[in-house]
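Chemist: The residues making up each chain are set out below.
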Amino acid sequence: MRDDVTNRFATSRIRDDAGHWDARAEQVAADVVRELNRGGFEWLGNSRRMWVAACLLMLVALLSVVSSGVIPVAQGVATELTNALAPVDDIGRAIVLPDRPPAIGALLLPGGT
Amino acid sequence: MHVEDDGRSDAELLAAAAGGDGVAVGVLVRRYIRAATLLAVQLMGDQDDADDVVQEAFTVVLRKARRFDAQRPFPPWFFSIVRRLAANKRSRDLRRARLMRVFGRGVVAEQASPPGDEALLARLDAVAATHALKDLSPMQRACFDLVVMRDLSIEEVAVMHGISESTVRQHVFRARAALRTILEDNGSRADHEAR
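Same order as they appear, the protein sequences are chains A and B. For reference, each letter of the first sequence is one residue, going 1 to 113 in the working numbering. For reference, each letter of the second sequence is one residue, going 1001 to 1195 in the working numbering.
Don't read these hints as lab results, they were simulated from the structure. All C-beta atoms, glycine included, are put in the ideal place defined by N, C-alpha and C. All the given hints hold, so there is nothing to weed out.
Computed footprint of chain B on chain A, listed as stretches where at least three residues anywhere in the stretch have a Cβ under 8 Å from a Cβ of chain B: (1) 9–16; (2) 19–25; (3) 30–38.
If we strip away everything but chain A, and leave its shape as in the complex, we get (with noise of 0.2 Å):
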């Protein structure tokens, strides 16, 4: 592997002594048992390689529920939904309601369609 660090910097300043090192290796094994042992949602939330793997997963889910059906029932409620939104004039109704654009004359004669 390159290394990019460029720098190497002097250990003088580090305590070298066997206690120092025992009372470090105690605390590092220590967190990282407990590291090791937090459970799964707590480790996702820090894996930013596993928050992709759930948003992609999220993804896949969302797109197989489009695809085996459910979405009639999603469609259903969208179409309750541009019913109780629509405007009440018939000129606006006939803009937001027809699957297809409205026809010239029911928009230039309230009431033709």
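Based on the hints, put chain B in the right spot on chain A.
Modeler: This is chain B only, laid out in the frame that chain A set:
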């Protein structure tokens, strides 16, 4: 509580640690924490950052323990993880520092110049020694620091930095030669002044 090294091989310790043996984790960490910390300090220039890198390295090692090939030596694998984590952390910190400069939201501390080599400073004129150490290449300084100052073996330093033993030997030789030159220059100057 002091963890006694029970003489198990690195591979045995790693397998036991992966299986949840806390004592094995303690022994493995104790066996490598000194070298790992010295290496991380050399790479990061800051003890707190180095401690973070070392702890992360042990966590990564234990998380990936099952992937480790027990037929191969442990130290090269472990130190390559330390080096990679240190390099990643440094580039993240540099990016953040650059952003801070761009947005002017904080003052980025200048990295301290490498401190002088204390044992030599005791014998040499401080300014000359500091110059001499600065004149060494980063790897010469690093190898000199670990081999001469920290009593690590050539083999250990080679594995830690991921370079060959002969390269470490060469770096230490050149560093010693450069410092000896300074020492001799200082000595002859002192003699001349005494006369």
